[in-house]
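Quick mapping for you: the protein sequence lines, in order, are chains A and B. Per this note's numbering, the very first residue in the first sequence carries number 1; after that it's consecutive. Per this note's numbering, the very first residue in the second sequence carries number 1; after that it's consecutive.
Calculated directly from the structure, the hints in this document are not laboratory data. By construction, the Cβ of each residue, glycine as well, lies at the ideal position given by its N, Cα and C atoms. Any given hint could turn out to be false.
[To be verified] With the Cβ distance kept under 7 Å, some of the chain B side facing chain A (calculated, not the full set):
no., residue
1, MET76
2, PHE95
3, LYS100
4, GLN211
5, PRO332
6, ALA344
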Amino acid sequence: MKKISLALTAIVFCVISGTLLGLIIYSPLPILARSLVSPEIQFAILLSLVTSVASTLVCIAVAIPVAYALARYTFPGKQIATLILTLPLTLPPLVAGIALLLFFGTTPWGKALDNAGFGVIFTPLGIIVAEVFVNLPYMIRIMRSTFDAINPRFEHVAKTLGCTETGAFFRVTLPMARHGLLAGTVITWSKAMGEFGAVLMLAGATTMRTETLPIALYLNISTGDVDLAVAAATILILISLVALCTVEYFDRDVHVF
Amino acid sequence: MLSIVSLSITLGGFSVRDVSLEVKPDEYFIILGPTGAGKTILLETIAGIHAPDSGKIFLDDREITALEPRERNTGMVYQDYMLFPHLTVEENIAFGLRQKNIPRDEQRAIVEEMCMLLEIGHLAGRYPGTLSGGEQQRVALARALVLRPAILLLDEPMSALDSRTRERMRSELSRIRKLTGTTIVQITHHFDDVFALADRIAIMREGRIVQVGETSEVFLHPADTFVAEFLGIGNIIRGNSVMAGKIAKITPARGPAFFAASDIVGDVVATLHAEDVILSKAPFESSARNGLPGTVSEIIPSGSTVRVILDAGFPLTALLTRESCRDLDLEPGSSVYATFKATAVHVIPVTASE
Numbered sequence: 001m002k003k004i005s006l007a008l009t010a011i012v013f014c015v016i017s018g019t020l021l022g023l024i025i026y027s028p029l030p031i032l033a034r035s036l037v038s039p040e041i042q043f044a045i046l047l048s049l050v051t052s053v054a055s056t057l058v059c060i061a062v063a064i065p066v067a068y069a070l071a072r073y074t075f076p077g078k079q080i081a082t083l084i085l086t087l088p089l090t091l092p093p094l095v096a097g098i099a100l101l102l103f104f105g106t107t108p109w110g111k112a113l114d115n116a117g118f119g120v121i122f123t124p125l126g127i128i129v130a131e132v133f134v135n136l137p138y139m140i141r142i143m144r145s146t147f148d149a150i151n152p153r154f155e156h157v158a159k160t161l162g163c164t165e166t167g168a169f170f171r172v173t174l175p176m177a178r179h180g181l182l183a184g185t186v187i188t189w190s191k192a193m194g195e196f197g198a199v200l201m202l203a204g205a206t207t208m209r210t211e212t213l214p215i216a217l218y219l220n221i222s223t224g225d226v227d228l229a230v231a232a233a234t235i236l237i238l239i240s241l242v243a244l245c246t247v248e249y250f251d252r253d254v255h256v257f
Numbered sequence: 001m002l003s004i005v006s007l008s009i010t011l012g013g014f015s016v017r018d019v020s021l022e023v024k025p026d027e028y029f030i031i032l033g034p035t036g037a038g039k040t041i042l043l044e045t046i047a048g049i050h051a052p053d054s055g056k057i058f059l060d061d062r063e064i065t066a067l068e069p070r071e072r073n074t075g076m077v078y079q080d081y082m083l084f085p086h087l088t089v090e091e092n093i094a095f096g097l098r099q100k101n102i103p104r105d106e107q108r109a110i111v112e113e114m115c116m117l118l119e120i121g122h123l124a125g126r127y128p129g130t131l132s133g134g135e136q137q138r139v140a141l142a143r144a145l146v147l148r149p150a151i152l153l154l155d156e157p158m159s160a161l162d163s164r165t166r167e168r169m170r171s172e173l174s175r176i177r178k179l180t181g182t183t184i185v186q187i188t189h190h191f192d193d194v195f196a197l198a199d200r201i202a203i204m205r206e207g208r209i210v211q212v213g214e215t216s217e218v219f220l221h222p223a224d225t226f227v228a229e230f231l232g233i234g235n236i237i238r239g240n241s242v243m244a245g246k247i248a249k250i251t252p253a254r255g256p257a258f259f260a261a262s263d264i265v266g267d268v269v270a271t272l273h274a275e276d277v278i279l280s281k282a283p284f285e286s287s288a289r290n291g292l293p294g295t296v297s298e299i300i301p302s303g304s305t306v307r308v309i310l311d312a313g314f315p316l317t318a319l320l321t322r323e324s325c326r327d328l329d330l331e332p333g334s335s336v337y338a339t340f341k342a343t344a345v346h347v348i349p350v351t352a353s354e
């Protein structure tokens, strides 16, 4: 039993690392370097960074109060709210994307936004919207489990020591939640960097306009430009690695999934 | 000082129902009750954490029912201390001062003084996670006392400590109380705290206060069978303890001396469960036992048992079955012998100020 399970572990390890390593060393280093500095990949890197950072910031700003409310307060419909708020976790991003497309494309709401200059469909703004929609539930879940783990009595004590309710949150609860916040931020950001399905549906795949790294990978592999696709993939692998290491390090008292 | 008028609050599965209490200035007041009696909610409502459904709270003749916790001038120490883990000991203690925007150098002076009072100066730069239970508790006390609260609320402050540390903390608490003159309200289910510290106690059950009074009064005259059974002890005798060989000889203020299996000397409170006291018509000689003659002063039936109160020089309560009471043919005025083992006597050193 021990031998079989250890052997199987070794095989799985070799398969995963071999596959990924094979991808990274597919292009000879000079070609990889040239692909990385090509205008298209440069654009994709920049667009991915800007949209993922923006969507992560929105997720943090929204998820902290929502997660706090779910962790601390009781209100009617809390269970349904929890279910709906975390539904996108298991929803295929493509479905989320098409729902967003219909929402912004066919409702008076979406049209009003479009007329006001906040066009979402097939625009870079759409990338941010799609990423927020798909990633917000992760951030809410992580922050909720973080707040759940912090005894409300810390805030009670802070209040008797002169804090307002808001003060107690910012002086005590939020600093105590910093590991969860960091883990959540890294996960949300790395997921935003790699988001494909929802972005494809809502923002489209327009070269040099809504071309994030995953979209660049998709577009280049469809046109047979494997080197550029590999360059995009390499960056995405590195991001995943960094994200995982960070989360592993800070995940000691946070349960991410 | 603190005055609570028909306070009611329901929160989750716990509730406080129509509680009225009066705590006197400089008093050490202990609320005793089984788990789930609503003690913590009562304490938190005094601190202003929860808004009561009805009733009023006054502190120093000022109504505080609707005030925010920070406007109430109460200090709070929880069972698990709730020291802020991301702040050092010094920052924890200074927390309240920072909220009040007290100048830095003044803050430092106050924190230093408080550290000196509680002998925790050497811990100032450390984080709470590295402290022992007793150290954490002293830091939590310092953090609460630093704002000079009119009243200090303690939620089971000793229950996380081992018995030796607990004893040290008790004397610490009574010392702090003498030095700072703070009124203290503590909740506990630990009887030793009651004997060592409390001036008066309240017994709480299912959200209601069932009895309030001087400690000895409540133990001697439980209001009902719940209190009698909950307290269970029946006998509290104050006295002075000296070693007599391997066991302690305790001499009460009034009445004959008796023996206890203990090595504690000085001013003590001895407790003795009423059911450990055996009554007989004739003396009952045995080296390990205490045998005291007495006169029955009162017989109180309660359910299937009977509580017999003797005058043995000091009041002594025995718990008998109805049958044995009948067999002994007891009535007020009859003389009996009370016998109890030295090992049945529990000795607690007294630290509270008289």
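Okay, the hints, checked on the actual structure:
1. At a threshold of 7 Å, the smallest CB-CB gap from MET76 of chain B to chain A is about 5 Å, leaving the interface hint in force.
2. The beta carbon of PHE95 of chain B comes within 5 Å of a beta carbon in chain A, closer than 7 Å, and the hint placing it at the interface holds.
3. Interface restraint check for LYS100 of chain B: the shortest CB-CB distance to chain A comes to about 5 Å, inside 7 Å, so the restraint holds.
4. Nearest Cβ of chain A to the Cβ of GLN211 of chain B: about 28 Å, over the 7 Å cut. The hint is violated.
5. With 7 Å as the threshold, the beta carbon of PRO332 of chain B stays out of range of chain A, its nearest partner Cβ sitting at about 51 Å, so the hint is violated.
6. The restraint placing ALA344 of chain B at the interface with chain A is violated, with a minimum CB-CB distance near 39 Å, outside the 7 Å limit.
Checked against the numbered hints above, the structure breaks hints 4, 5, 6 and satisfies the rest.
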